[in-house]
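Peer 1: Chains as they are written, first to last, in this note's numbering: chain A, 1279 to 1569; chain B, 1279 to 1569; chain C, 186 to 441; chain D, 186 to 441.
Keep in mind the hints are simulated off the structure, nothing from the lab. Worth double-checking, as some hints may not be accurate.
Unchecked claim - To be clear about the criterion: a stretch of chain B counts as covered by chain D if any three or more of its residues have a C-beta under 8 Å from a C-beta of chain D, and this derived list gives those stretches: (1) 1340–1350; (2) 1542–1550.
Unchecked claim - Here are the simulated SDA-like cross-link-like pairs (lysine to any residue), alpha carbons at most 25 Å apart as the crow flies: (3) B:K1485 <-> A:N1513; (4) B:K1491 <-> A:V1515; (5) A:K1396 <-> A:A1418; (6) D:K434 <-> B:C1553; (7) A:K1491 <-> A:E1383; (8) C:K437 <-> C:G402; (9) D:K283 <-> D:Q201; (10) A:K1489 <-> A:A1414; (11) A:K1396 <-> A:E1292; (12) A:K1489 <-> C:G440; (13) B:K1330 <-> D:K283; (14) A:K1491 <-> B:Q1529; (15) B:K1485 <-> D:A439.
None of the values given here were measured: they were computed from a predicted structure. C-beta atoms are modelled at their ideal positions from N, C-alpha and C, and glycine is treated no differently.
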Amino acid sequence: MSSPSLTRKFWGTEFVSPVMLASGTSGFGEELFKLGCLTGAGAVVSKAVTMKPRSGNPPPRLLETPFGLLNSIGLANPGARYVLENILPAVSNLPCPLVINVAGESVQEFADVVSVLKESGVHIGYEINVSCPNVAEGGAAFGVDPEVVFRVSEAVSQVADRPFSVKLTPNGGDMVQAAVAAQQGGASAVTVCNTFLGMMIDWKTGKSVIKRKVAGYTSPALLPLVVARVWQVSNAVSVPVISSGGVSCGQDVLQLLAAGAEMVQVGTRLMRRPCAAGELLDEMKKLTGEQ
Amino acid sequence: MSSPSLTRKFWGTEFVSPVMLASGTSGFGEELFKLGCLTGAGAVVSKAVTMKPRSGNPPPRLLETPFGLLNSIGLANPGARYVLENILPAVSNLPCPLVINVAGESVQEFADVVSVLKESGVHIGYEINVSCPNVAEGGAAFGVDPEVVFRVSEAVSQVADRPFSVKLTPNGGDMVQAAVAAQQGGASAVTVCNTFLGMMIDWKTGKSVIKRKVAGYTSPALLPLVVARVWQVSNAVSVPVISSGGVSCGQDVLQLLAAGAEMVQVGTRLMRRPCAAGELLDEMKKLTGEQ
Amino acid sequence: MQTAGDYVCTVLSSRQVLPGVFSVEFESPEISSVALPGQFVQVEPSPGVFPVTRRPVTINRLTESGFELLFDVVGRGTQLMARFLPGDMVRVMGPLGKGWDVDQDKTWLLIGGGLGAAGFQFLVDSVRSSGVIIGASGADRVIPVQAQTVHIVTEDGSRGSRGLVTALISEELLARADSIAVCGPVAMMEAVWNTIPEAHRSKVQVSTESRMGCGWGVCDGCSIPVSGGGYRKCCVEGPVFPGDTIDWKRWKEAGL
Amino acid sequence: MQTAGDYVCTVLSSRQVLPGVFSVEFESPEISSVALPGQFVQVEPSPGVFPVTRRPVTINRLTESGFELLFDVVGRGTQLMARFLPGDMVRVMGPLGKGWDVDQDKTWLLIGGGLGAAGFQFLVDSVRSSGVIIGASGADRVIPVQAQTVHIVTEDGSRGSRGLVTALISEELLARADSIAVCGPVAMMEAVWNTIPEAHRSKVQVSTESRMGCGWGVCDGCSIPVSGGGYRKCCVEGPVFPGDTIDWKRWKEAGL
Ligand SMILES: Cc1cc2nc3c(=O)[nH]c(=O)nc-3n(C[C@H](O)[C@H](O)[C@H](O)COP(=O)(O)OP(=O)(O)OC[C@H]3O[C@@H](n4cnc5c(N)ncnc54)[C@H](O)[C@@H]3O)c2cc1C
Ligand SMILES: Cc1cc2nc3c(=O)[nH]c(=O)nc-3n(C[C@H](O)[C@H](O)[C@H](O)COP(=O)(O)OP(=O)(O)OC[C@H]3O[C@@H](n4cnc5c(N)ncnc54)[C@H](O)[C@@H]3O)c2cc1C
Ligand SMILES: Cc1cc2nc3c(=O)[nH]c(=O)nc-3n(C[C@H](O)[C@H](O)[C@H](O)COP(=O)(O)O)c2cc1C
Ligand SMILES: Cc1cc2nc3c(=O)[nH]c(=O)nc-3n(C[C@H](O)[C@H](O)[C@H](O)COP(=O)(O)O)c2cc1C
Ligand code: FES
Ligand code: FES
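Input sequences plus hints: build the corresponding full structure.
Peer 2: Structural data, given as structure tokens:
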């Protein structure tokens, strides 16, 4: 295999690198832009946007484990209309494309959020987060049932004027079938994948420090899990695969590209290194000899 | 919560500790016994036994990643009859109970292996490994379909003269439902859980070093994933839960007990520390103040 | 106004000031030239990838060419930080957050409990202060603060008077202050808040702590429950808030 | 006969013998008193939990109070091991595996390629040898072996003759030996095997390498493909095997 080119055209847009900043780990890009940390970033994926404002889960929302991080943010966000009117105008000058991560509690909510946000010209597309609980239909995550994934994807594709990716969940169900369903529903990409369900208990009290008990777990040690899932999904769908999870160095990005990812997200690493996008790109260039 | 007692009666047998040595990481116990490493071990779980001898997967079968280990052993074993006639007699003097891990390619094979092995009085029970591919019905792992888990569990319970645990898979499907199905089928425990599907690709060649491409991934960093699954499953079944995965220190064992596990397996840690059972027990005693 | 940056700073000195409490001085004209009292920095406790987040520490005071941190060793991150040696290069992001709402024309009363007083020196050095009350469990936990008037109170009476900080809060002290800075464990801060009569509460500012992912406002991990419902981000909307912003009940329930 | 044990051994010395090749001596009467040539040890390269497996290294020779390892720095584990300092306490399990089938009445010819010759000293010190052939890419990769007759060959001709080890294998050398020890990369060992005429092949023993989980026979990870199908465990049935045991074709396909 020859060295993969690091710039690319994706969803009709030029990307300076395959590295995308993962949803929930870089806000809407503004803070990192001001810190000078968007150099080398292919794109920013916003935190999740829902129809109504959500204040999020009770604290503590984060819990570090020896080798990773548990998060229970609870989709805290000011709601689609506020995002449209107040946030998107403020980030229209980002030096890289913006993708909006969309969450909902019903199939309809995803479509509704997209309908509101499409009034803005700032973002290039959407990432549909089907890992959240399907409150309208019993509470299991949308993403575990391919049939529901298809319906979400179809509902979004009916209203979306821009490309969208469906961000799958690794927590139950068959991710390959869910990816195929997303594609059939009209998705322009799939993101593999959201956080793995995790938990930490204080053995002395027998209790989870995080109020919701289970949370989303991320760790650089999860890379092999993500590589396997990217490889399986990219062999099953024809739309591009965006990887999400496990990246902590340039070699990890190259490995995910080799596994079949077209774009590679980095999230938790940004907590240590807000300028990770540029660092990863430099590391990759060194490894591949690209200038 | 008061400090958990560390000795226990499980399946009618006295265990000096809740620590079991996980299947595939301690053979049939003989080597570790000779090394003096069974001190502190509650029980040994044997490597997988199938009906016919299996030579296993082509090498390399192991691949270390920066933070874990991929294994693709392929159930290498000399077959149930050889185990019955040559191995079990040789390990009748182990200082701790032995549980036999059973694998198969069809529902019938699990029952057949148990039927053969029950002629021996050496082991105290079985662990039924439903993570292997159901070759007779399309190749997906038995464990991803609760209906199939029920059938395996039922088939084993019809022939087994000893208690058995069903070892669930975290790779797809709904583990809680699978656990409930195992219990309904007659399982005396469930083991949570087998290895997570993982993969590592050499970005320069674009290839997986392991011939089967995907493999079983283990890492101490997976502990929060196992804690979450143990907690979920133990809240859903009444049979005891045996945890498997992520243990690297005494505190991890205490955390899994607090999450609802009755017994706690340790596997990969034995590659660094063959005497881990005793070390973990000492660490736990220090933490809980138990003598 | 974004003045923070991510810098590789040289450790100039490191010493144990109390049992388990370390003072580490970093060289960083970039950070010290823009830092304000009450702001904090995010320190990388180790090279490599673990732990996956940094550690937030308040700037205790400015020094000739940089700033000093004062921290307690409580877990893995601070254990690693206690091993920093002069000459080490450490990645530090800062200054971060909204510090004390400082107005040079005002007179401050500072009330600190335990490590909450780490950070007071910078404030004392920047404003006029009428007094500093420092509470601790015992003599070996009294954070050193250089100020004109320092009142020390320890739970075991091993230094200063015996008791809790609240015992030293008097109408006279409160009346002499235009602003009141409170920092310490949640329970201590709530007790102080409850001890201060309504009439003086509008002067109170409290410095909060929360588990942080980033420290620069992007992850929404560091929420502090506020009066009237909802949350504020400790890292960018705080760590210092007007006392009446805090929903003490929900914050105590939250735990850390 | 289980003679292995898991010991915390003190590092007695550590030095670079060739660029990137280190010699480390451990104190361990327990291991050295029972070790046989061709056996190996499993070394913990670091404290803590990562990497999750140990590193297998052949015993190069016995020393007064322990044994010496000779290893090449190829990746993370050996990088850590290259930093061992005298006085360090390191966990070492050994001796492990089946070494050379040694009979003191026999005369040995040793053929080593690259780091394959690390381990030869112990054999040379234990048996009568008629010659040692050492091949390497260049002078800076020639493993030092003290023996009566050492033939050196390098690919670039920078030391000894120019070429591959196979060029030095002569009917005369083969005829003088009762046993032939071969160790090196798979391709080198296969070439040597193919060069040796049928008549001498029954004398050949080869020392194999495989990725190991445990090193003590429990994980089935270290399989070497053998003639007639199936596998043997490198760690307990090897690492030394009679040459005709190996299925060279399947072994080469396997890669490491
Ligand atoms: C804005 C701010 C300023 C601070 N200033 C100081 C200071 O000047 N001096 C000082 O000694 N301490 C200060 N702290 C607390 C300090 O951050 C923690 O003691 C430290 O993070 C503990 O890390 P650890 O790895 O040693 O402990 P562990 O308990 O092992 O940490 C586990 C995780 O919990 C987090 N955590 C644990 N305790 C706290 C805490 N009290 N606040 C926030 N996160 C925590 C850690 O950052 C880490 O992510 C401050 C905290 C905040 C939020
Ligand atoms: C029985 C035996 C004896 C050995 N004796 C010596 C010796 O005397 N001198 C010497 O220099 N080397 C010897 N080796 C090879 C040595 O074990 C490897 O070079 C070492 O494990 C590399 O580790 P690393 O972390 O530096 O490399 P990495 O490539 O980062 O290791 C990644 C993983 O692959 C494994 N691995 C990589 N290369 C090998 C290999 N060649 N054989 C087995 N596992 C490998 C590592 O153990 C680790 O698990 C021996 C191997 C075996 C099996
Ligand atoms: C603090 C935090 C908040 C997150 N919020 C969201 C979110 O709002 N929507 C979403 O789809 N994923 C969210 N994620 C998941 C990340 O986008 C990403 O998929 C995950 O962190 C895996 O990548 P990593 O291993 O690089 O962190 C969040 C992750 C973290 C750590
Ligand atoms: C080398 C290796 C071989 C294994 N073989 C088996 C097996 O034969 N049957 C089985 O049920 N699990 C097998 N497992 C899984 C372990 O029993 C255990 O569930 C897993 O390693 C998780 O525990 P750990 O994190 O402590 O390693 C194997 C694991 C490893 C590392
Ligand atoms: S710590 Fe990330 S937003 Fe405050
Ligand atoms: S390395 Fe485990 S059996 Fe050989």
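Peer 1: Each hint: holds or not?
Peer 2: Against the structure, the hints:
Check result for the stretch 1340–1350 of chain B against chain D: holds, 8 residues qualifying (beta carbon to beta carbon below 8 Å, three or more required). Residues of the stretch 1542–1550 of chain B lying with their CB closer than 8 Å to a CB of chain D number 5, which satisfies the three-residue condition for coverage. This hinted pair checks out: B:K1485 and A:N1513 have alpha carbons roughly 14 Å apart, not beyond 25 Å. Proximity of B:K1491 to A:V1515 is assessed by CA-CA distance (about 18 Å); at most 25 Å being required, the pair is judged to hold.
With a C-alpha separation of about 28 Å, the suggested pair A:K1396 and A:A1418 falls outside the 25 Å cut-off, and the hint is violated. For the hint pairing D:K434 with B:C1553, the CA-to-CA distance comes to about 37 Å; that exceeds 25 Å, so the pair is violated. As the CA atoms of A:K1491 and A:E1383 are separated by approximately 20 Å, the hinted pair is consistent with the 25 Å bound. Restraint check: the Cα-Cα separation between C:K437 and C:G402 comes to about 23 Å, which is no more than 25 Å; the hinted pair holds.
With a C-alpha separation of about 28 Å, the suggested pairing of D:K283 with D:Q201 is violated against the 25 Å cut-off. For the hint pairing A:K1489 with A:A1414, the CA-to-CA distance comes to about 23 Å; that is within 25 Å, so the pair holds. Restraint check: the Cα-Cα separation between A:K1396 and A:E1292 comes to about 21 Å, which is no more than 25 Å; the hinted pair holds. This hinted pair checks out: A:K1489 and C:G440 have alpha carbons roughly 10 Å apart, not beyond 25 Å.
A distance of roughly 28 Å separates the Cα atoms of B:K1330 and D:K283; the hinted pair therefore is violated under the 25 Å criterion. Taking the CA atoms of A:K1491 and B:Q1529, the gap is near 19 Å; set against the 25 Å cutoff, the hint holds. With a CA separation close to 14 Å, the supplied pair B:K1485 and D:A439 stays within the 25 Å bound.
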